[in-house]
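2 protein chains.
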Amino acid sequence: MSLRYAALGLLAQQPGSGYDLLKRFEYSMANVWPATQSQLYGELNRLAAAGLIEVTDIGPRGRKEYRVTDAGRADLLRWMTNPADDPPYRSAELLRVFLLGEMPTEQARAYVASVAERAETELARYEQLRDSMDWTVDDAGFYGRAALEFGLRAEAMEADWARWLIKEIDRRAR
Amino acid sequence: MSLRYAALGLLAQQPGSGYDLLKRFEYSMANVWPATQSQLYGELNRLAAAGLIEVTDIGPRGRKEYRVTDAGRADLLRWMTNPADDPPYRSAELLRVFLLGEMPTEQARAYVASVAERAETELARYEQLRDSMDWTVDDAGFYGRAALEFGLRAEAMEADWARWLIKEIDRRAR
DNA sequence: TCCATCATGTAACCAGTTACATGATTTC
DNA sequence: GAAATCATGTAACTGGTTACATGATGGA
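Residue numbers (the numbering used here), protein chains in the order written: chain A, 499 to 672; chain B, 499 to 672.
There could be a bad hint or two in this list.
Since copy identity is lost for identical chains, a pair holds within one copy or between any two.
To be verified - When the alpha-carbon atoms are kept at most 20 Å apart in a straight line, the in silico SDA-like pairs for lysine to any residue are as follows:
#, residue 1, residue 2
1, Lys521, Leu592
2, Lys665, Gly639
3, Lys562, Ala510
4, Lys665, Ala533
5, Lys665, Leu650
6, Lys562, Arg616
7, Lys665, Gln605
8, Lys562, Glu666
9, Lys665, Pro558
10, Lys665, Arg643
11, Lys665, Pro586
12, Lys521, Asp636
13, Lys665, Thr634
14, Lys665, Trp633
15, Lys665, Asp637
16, Lys665, Phe640
17, Lys665, Val635
18, Lys665, Glu591
19, Lys521, Thr603
20, Lys665, Glu647
21, Lys521, Arg588
22, Lys665, Ala638
23, Lys665, Asp636
It is worth saying that the hints were derived from the structure and are not from the lab.
Could you build all of it, start to finish, from the sequences and the hints given here?
Quick look at the structure:
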């Protein structure tokens, strides 16, 4: 369901074609809800069939310009106010942590080190994103920046945690 | 794939029935990879069919005692060392943040406040878990504690972030 | 003897993934 | 004329969700 509202929401912010949406999606929501081109196009067709968006124009190369309908806006708001039926949090990375005792300490330590490294790389990428965008004062910019702030803090936290865990592993080995 | 390795990993830590596993699962891995009873049982049958685990005994009420095989242990290690093909991070909560501009400021603010509250509640639950368990020195306990530490830090971070965002929203409204 | 707990399963469905497929237009 | 970009789609598959379904055993 979530991708459906990502698409609907993007259109609510600004009308456009699937292709337009895809580009805006990639450097924003795809960071918290990855999806492929095929998925997005499929979702747009389903949204149109459900009357939540509509085609306002067909341009060259079969380009379809979409716009959100009143019903679509209402449905978006309904979703926004119902976080209760969000899919639950899932992390394979953390799942692996539970099982680190099943491998030699040296390997477990290396895994945690790789987690720290990955977090630092992501952190750097987010910092670059932060510095390269102009966070204009419009709503999309403001809340996009807020989501990015979450990413920055989450990656920093994760790197800290991983370094803490490495120390604990070393302490335990001694 | 992940649930498969959760089940395999639990059995690698300690043999037991599906029912036994389910109980150990619920207060540990289910926090980072929720699954239902049906899913777990299905996974166990598939693991047995693939020769990664085996039934060592059938007790009363059709109870099947499972044990990991050598092939299973090898496959677990293979998965542990290949974090690259983990499913990506996904968060509907953050997705919603991107779209907060589509609702009135007052409602957006309330949503962020509810995020803060939820994080604090979860944090309290994790703190209770931390204080109620005896984190013995065995591997499962050590790494379970490490995973819990992640949860504690993540929820604290999230609550902080949400409170920060509320301030930003208020500042912007003025 | 009744109830809680132990114990396992099936089937329909839905969301997301991967791979493939096609063609028009603009720019160099 | 070739290459990059614009632009959209289908189909098979897999992992996870929901709802339903059944029955044995031990203890009060």
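Results of checking the hints against the structure:
| no. | hint | verdict |
| --- | --- | --- |
| 1 | Lys521 / Leu592 | between (31 Å within a copy, 19 Å between copies) |
| 2 | Lys665 / Gly639 | between (39 Å within a copy, 17 Å between copies) |
| 3 | Lys562 / Ala510 | within (16 Å within a copy, 53 Å between copies) |
| 4 | Lys665 / Ala533 | neither (37 Å within a copy, 32 Å between copies) |
| 5 | Lys665 / Leu650 | between (23 Å within a copy, 18 Å between copies) |
| 6 | Lys562 / Arg616 | neither (39 Å within a copy, 40 Å between copies) |
| 7 | Lys665 / Gln605 | within (15 Å within a copy, 43 Å between copies) |
| 8 | Lys562 / Glu666 | neither (56 Å within a copy, 37 Å between copies) |
| 9 | Lys665 / Pro558 | neither (60 Å within a copy, 46 Å between copies) |
| 10 | Lys665 / Arg643 | between (33 Å within a copy, 14 Å between copies) |
| 11 | Lys665 / Pro586 | neither (31 Å within a copy, 27 Å between copies) |
| 12 | Lys521 / Asp636 | within (19 Å within a copy, 49 Å between copies) |
| 13 | Lys665 / Thr634 | between (42 Å within a copy, 18 Å between copies) |
| 14 | Lys665 / Trp633 | between (38 Å within a copy, 17 Å between copies) |
| 15 | Lys665 / Asp637 | between (42 Å within a copy, 16 Å between copies) |
| 16 | Lys665 / Phe640 | between (38 Å within a copy, 13 Å between copies) |
| 17 | Lys665 / Val635 | between (43 Å within a copy, 16 Å between copies) |
| 18 | Lys665 / Glu591 | within (19 Å within a copy, 32 Å between copies) |
| 19 | Lys521 / Thr603 | neither (44 Å within a copy, 27 Å between copies) |
| 20 | Lys665 / Glu647 | between (27 Å within a copy, 14 Å between copies) |
| 21 | Lys521 / Arg588 | between (26 Å within a copy, 19 Å between copies) |
| 22 | Lys665 / Ala638 | between (41 Å within a copy, 18 Å between copies) |
| 23 | Lys665 / Asp636 | between (44 Å within a copy, 17 Å between copies) |
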